[in-house]
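**Q** Residues per chain are reported as follows:
2 protein chains.
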Amino acid sequence: MSTKTLRLQIPQWQGGNLEAYHFGGQLLAWLAPAAAGPVATVEVPEPDGSELPLEDGIVARSALLRQLYSTEEILRKEMPDRIVVLGGDCLVDLAPFAYLNERYEGDLAVLWVDAHPDVMTPQHFVHAHAMVLGNLIGEGDPDFTRRVARPIKPEKVMYAGLYDMSPTEWEIVERLGLRMATPSQLIDSSQPVIDWLRSTGARHVAIHFDLDVIDPVQFRSLNFSMPNAPPDAFAGVPRGRMTMAQVVRLLNDVAEQVDVVGLGITEHLPWDAIAIRDMLRGLPLIGEGRA
Amino acid sequence: MSTKTLRLQIPQWQGGNLEAYHFGGQLLAWLAPAAAGPVATVEVPEPDGSELPLEDGIVARSALLRQLYSTEEILRKEMPDRIVVLGGDCLVDLAPFAYLNERYEGDLAVLWVDAHPDVMTPQHFVHAHAMVLGNLIGEGDPDFTRRVARPIKPEKVMYAGLYDMSPTEWEIVERLGLRMATPSQLIDSSQPVIDWLRSTGARHVAIHFDLDVIDPVQFRSLNFSMPNAPPDAFAGVPRGRMTMAQVVRLLNDVAEQVDVVGLGITEHLPWDAIAIRDMLRGLPLIGEGRA
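Same order as they appear, the protein sequences are chains A and B. The working numbering applies: residue 1 is where the first sequence begins, and numbers increase by one. The working numbering applies: residue 1001 is where the second sequence begins, and numbers increase by one.
Don't read these hints as lab results, they were simulated from the structure. Be careful, since some hints might not be right.
As the list claims (entries may be wrong) - Which bits of chain A does chain B cover? Going by a derived footprint, with three or more residues having C-beta under 8 Å, they are:
hint	segment
1	20–32
2	106–112
3	279–288
Unchecked claim - Beta-carbon label-pair distances, calculated as ranges:
hint	chain 1	residue 1	chain 2	residue 2	range
4	B	D1278	A	R66	32 to 38 Å
5	A	Q218	B	Q1257	42 to 48 Å
6	A	P38	B	G1049	28 to 34 Å
7	B	D1278	A	P38	22 to 28 Å
8	A	G49	B	S1189	53 to 59 Å
9	A	T182	B	S1166	45 to 51 Å
Stated by the list, open to error - The calculated SDA-like cross-link candidates involving lysine to any residue, where the alpha carbons are at most 25 Å apart (straight line), are:
hint	chain 1	residue 1	chain 2	residue 2
10	A	K4	B	E1072
11	A	K77	A	Q26
12	B	K1153	B	E1072
13	B	K1004	A	G289
Just so you know, even glycine gets a beta-carbon here, dropped at the ideal spot from N, CA and C.
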């Protein structure tokens, strides 16, 4: 059976209100293996240093909705069987995963590999990238949830690499009954995830991989290494505790069980690359020199 | 007066015997501002994991000489007035700086912004990237020095950011009488370098910028952050102590005094980017999955 894998490049940054996601998305696309199928890039306005508006409880609501519609339009046109999404912030997986659940008529499990649960709503927070899994399940802001024609059932969702969250988030995750495999449970086995996958009976899986699930001591291209951040900028925010090798093993173990039809890689923040890019711009001969 | 600035991309890695310089050079070229003039890339064999041969005291001597000749050929063909070199290891500046000293008939000062002096010879070490400044002055292995038709006079050379070295290196640097501005002397002033520049009377300067002059705490894309390096891998090796902002200031201050006709950026080792590239290759759907 021939299948069509679409690669979707979405250097969205407004969902996390952080300009560096835009460049991080471009570099991620450059770093990725060559695509086997078609490649489409969602048009995202370049950051220009101006502040994004808070619109009815969500920063950059209208810009994010426009990017959501553009993504949907590409999906309608391409009609892929499988999708690789290169973000951008976590919100980039909303349209693609919603599409896949329709495409497979509900026969889709969702593995959310992330240090954070992404089930906030505008009542709790203003950045839409922290709401995307909630939206896929049908929770949260109507502008976003109404784009999910067929919500993912909570029992078809599992977290990997999550281990702690805010009281509000715990409450939502427990109310929805979302499963969770902590980093310690995944050190040398993927069994908790495999067991859940089998229990769902799903033959297809979409995997959201937020790079911040990786231990920031091992990998610095994450928000926790933001240059010049105030010392308390990430106070209380759980840091990833998995290694890259563990994530690679987990995803390959999953792929042996079911058909991986979606994979989103998100939240790439390559601070060193940004620093060197900016430095080169400021040098004589190669750049513009001193401003 | 119209001038021609050539951008030379040389992802050479054999001079430091480290495969990561190759990818680091490619990423550096991608990160750099768009070139205003012609761009040429020196053909460099891709690393394939096999060990490089030690040839008469220098690792990969023949491969390095071939890349040197290729660079010379490009320079002969392009006849640029100015050159931006994007390495690769430090050795990439050999042919371009030798060309510039001929092009300006000896009216060339050389500012060596580096945590290391690069004046070793095969008697002391086997990696040619640690010999390049010596070669430019006329010291070291004849295969390399004979390519420098007009050696740089030692009084036309100054180090910036250097502050310590091995006894052998101290001996050579002192014998040659090479000047040196330490990181502490350059914290908020470029004066030591400006004074030297004026003393040379040179109207042109070529600047070698080894990224390892940057403090590795600020910037991790350097050899000191090599993943899985043994704890003593860099014992005794001086680490850079400058900030990027200090280097940018220094180079712009220099550019106000004399014409910057050469700028080489070298030794970019983007470990995070390499890790993510390799990880993506090992994932299902986007890569080949588990080997």
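**Q** Against the 25 Å threshold, does the CA-CA distance of K77 (chain A) and Q26 (chain A) hold or violate the hint?
**A** Holds, at roughly 23 Å.
**Q** That 53 to 59 Å hint for G49 (chain A) and S1189 (chain B) (C-beta), does it hold up?
**A** violated (30 Å)
**Q** Does the Cβ pair Q218 (chain A), Q1257 (chain B) satisfy 42 to 48 Å?
**A** Distance hint for Q218 (chain A), Q1257 (chain B) holds at roughly 44 Å.
**Q** Given a hinted range of 28 to 34 Å, is it respected by the beta-carbon distance of P38 (chain A) and G1049 (chain B)?
**A** holds (33 Å)
**Q** Is it true that the C-beta distance of D1278 (chain B) to P38 (chain A) lies inside 22 to 28 Å, as the hint says?
**A** Since the Cβ atoms of D1278 (chain B) and P38 (chain A) sit about 25 Å apart, the hinted range of 22 to 28 Å holds.
**Q** K1153 (chain B) and E1072 (chain B): Cα distance at most 25 Å?
**A** holds (21 Å)
**Q** Take the segment 279–288 of chain A, compare each residue's beta carbon with every beta carbon of chain B, and decide whether three or more fall closer than 8 Å.
**A** holds (count 10)
**Q** How about the segment 106–112 of chain A: do at least three of its residues have a C-beta closer than 8 Å to a C-beta of chain B?
**A** n = 0 at 8 Å, threshold three: violated.
**Q** State whether the coverage of the segment 20–32 of chain A by chain B holds or is violated, taking the criterion as 3 or more residues with Cβ-Cβ distances under 8 Å.
**A** Holds, because 5 residues of the segment 20–32 of chain A bring their Cβ atoms closer than 8 Å to Cβ atoms of chain B.
**Q** K4 (chain A) and E1072 (chain B) were given as a pair; does the straight-line alpha-carbon distance stay at or below 25 Å?
**A** Status violated; Cα separation ~47 Å.
**Q** Can the restraint linking K1004 (chain B) and G289 (chain A) be considered satisfied, given a maximum Cα separation of 25 Å?
**A** Status holds; Cα separation ~18 Å.
**Q** Go ahead and decide if the range 32 to 38 Å is satisfied by the Cβ distance of D1278 (chain B) to R66 (chain A).
**A** holds (35 Å)
In summary, the numbered hints that this structure violates are 2, 8 and 10.
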